[in-house]
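Okay, here's what each chain looks like letter by letter:
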Amino acid sequence: MNGALPFATTDVTRASRRRESAVRGLLGIVTALLILPLLAILGLLIRHGAPALTMDFLLTAPAAGMTAGGIFPTIVGTLWLVGVSLAVAAPIGVLAAIYLNEYAGDHWGTRIVNLAIVNLAGVPSIVHALFGVGAFVLFLHLGTSILSASLTLAIMTLPVIIASTKEALAAVPMSFRQACWVLGASRWQTIRHVVLPNSIQGILTGVILQVSRAAGETAPVMFTGAAFYLPFLPQSVHDQCMALSMHLFTLSTQVPGVPEALPYATALVLVGLVMSVNLTSIVLRSYLRSRRKW
Amino acid sequence: MVRPAAKIEIRGLSAAYGDRVVLEDVSLDVHEGEILAVIGPAGAGKTSLLNCINRMSDMIPGMKVEGSIRVDGREVRDFRDASDLRRRIGVVFPLPVGLPMSIFDNVAFAPRMGGMRDKKKLAELVERCLRQAALFDEVKDRLGDLGTRLSGGQQQRLTIARALSLNPEILCLDEFSIAVDPVTTMKIEEVIKELKQHMTIILVTNLVLQARRLGDRTALFLDGRLVEVGPTETIFSRQTADVRTFQYVQGLFG
Ligand SMILES: Nc1ncnc2c1ncn2[C@@H]1O[C@H](COP(=O)(O)OP(=O)(O)OP(=O)(O)O)[C@@H](O)[C@H]1O
Ligand SMILES: [Mg+2]
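Line order of the protein sequences matches chains A and B. Be aware that the first sequence starts at 1, since it is given in our numbering, and climbs by one per residue. Be aware that the second sequence starts at 1, since it is given in our numbering, and climbs by one per residue.
One should not assume that every hint holds.
As the list claims (entries may be wrong) - Lysine-lysine pairs mimicking BS3-like chemistry, simulated, CA-CA at most 25 angstroms apart:
hint : chain 1 : residue 1 : chain 2 : residue 2
1    : B       : K140      : B       : K120
2    : A       : K293      : B       : K64
3    : A       : K293      : B       : K119
Source of the hints: derived by calculation from the structure; they are not laboratory data.
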C-alpha cells in the first residue's frame, strides 16, 4: 500500500541519502584539516615570539650585534621595497593586461606573449634574484639598492598581476562591450566607463596579493638591495635597506648567540603583516562585491 | 510622386567568418522612412547583415566583408571612425542588455560619450527616449536603480530607449521579441509603428506574422542569400516570385 505512494522512501533512496551524508562529511573533514597547519604555525610563533614582541621591539634598531634590540629598520625597508616595486609593477601590469585583453586580437604574436607571461610566473624566485643582479645591479649600474631590489620584485610579481588583471577583465560579459560599441562608444570609452568600474575589485585583489608575496620573498632582495645590517635608515631608492624577510634569515642562520625569541617575534611580525594585507584584500573584495552591478 | 532615395543601398555584399561564408552577393535597398522586415530561418545571415551595416563586423575577430553598403549615399567602409556611423544607426540586440549602471545612466550613456554635459538637456532626453520606448511610466520613480535589475522585457525596452538616445536616422531591431512576453511585444510593436514617423527601420524577426503586421516590405534570406524582397502583401500572397518564399511564410518549408 505504502509502496504505491509517489513520494515513498525506498531502500534505494535511503542508501543514496546515507552515501550523500558520508561524502559530505568526508569532504568537510578534509577541508577542516586544511586550517591545522595555519593554526600550528601561528601557535608556534605566538608561543615563542609573543614575549619579545613589545613596542620597543617594533620601534628600535637591532643592537649588540643583532642579539638584542628591535626590528624597526627592517619594517621600514620592507615598506620601501614593497612600495617601490608595486609602484612599478601595478601600473605596467594593469596596462599590459588591458592591452592584451581588450585590444590585442588572438594571433601568434599575442599567444607568444601570453605563453611568456605564464612561464615567467613559474620562474623560481632565486632565478629572479640572479637576473636582478645581472640586469639591474651590474648592467644598468643601479648597484645594490632599493631600486634594484624593487625592480627585481616587480619583474617577479608582474606576470601574476597581468594574469589576475586579465582574468578580472575577462569576467566582464562581452555583451556589455558590444552594447557600448553599437552606441558609438570607442574601445577606450567602453573600457573606462564600463569594463574597469566593473572589474576593479578583481584587479585590486590580484595586486594586493602580490604585495604580500613581495613582502615575504627573501632571495630576490638578498643579492640586489637588502643588507644584513645598516646603522641608518634609507634616504632614497639609491640606498640599501634592511628587510624583514632577510632579517629573519640572518637571525636564524647567520648570527650566533641570538636569543630564541627574537627570530620568532620577527617571523610573527612578518606573518602578521602578510596576513593583514590579505585580510585587507578580502574586506575590500567583499565591500566591492556588495556593490556589484549585475 | 518622387520615389524617395534609398536610405541604405547594399550591392554585392558578401561576408564570412574565417572561411565560412555567411552572406553571398546580397543586393538590397532600404527606403527612407519604411519598415523593412527581414525574415529567414536560424543561421540565414540576418544578424550578420546588421553587423555589416553598422560595421560591428570590425569588432568581430576574423569577420570579412566585401561589397558595397551606402548609407545616404556614403560608403560605410570609408568612415574613418566607425563610431560616427554607429551613432546614426541604433541597434537593438536579440537578448536585452542593461548596462551595469542606473536606468538614467543607461540612456544618457551614448550622449555623454558624445560630449553632452548639460544636466537639464540630458534629463529631458532621457525622459523622451524612455517615453518613446514605452518604459517611462514603469520606471519614472526609480531612474537611479540599476538597469541590470529590471525585468527582461523592461530591459529590452531600456535597450530601445538607449538606441534612440542619439536620435538615429536608422533603427535596427534584431529579434527583439525573443525574450519578451506577448503583452510587451505588442507594446513594443506599437512603439515601432510610432517611430516609423521619424526613422528608417530594419526589423529582423523570426515571427513571420510580426513581419506581416509591421513590415512595409519584407525580405527573405536563406543560407546567406536574399531570396526575395518586395511589398509585404506580395510576400504573403500566392504571387511570390520564388516558390520558397511562399513555402516559408506559409510554414511549409523543409
Ligand atoms: N562570431 C561568429 N563566428 C563564426 N560564425 C558565426 C559568428 N556569428 C555567426 N556565425 C555564423 O554565421 C551564420 C549566420 O549567422 P547569423 O547570426 O547572421 O544568423 P541569423 O540569421 O541571425 O540567425 P538567427 O535567426 O538564429 O539569429 C551562422 O551559420 C552562424 O553560425
Ligand atoms: Mg540573429
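Numbered hints the structure breaks, given as an ascending list | When the structure is compared with the hints, only number 2 turns out to be violated.
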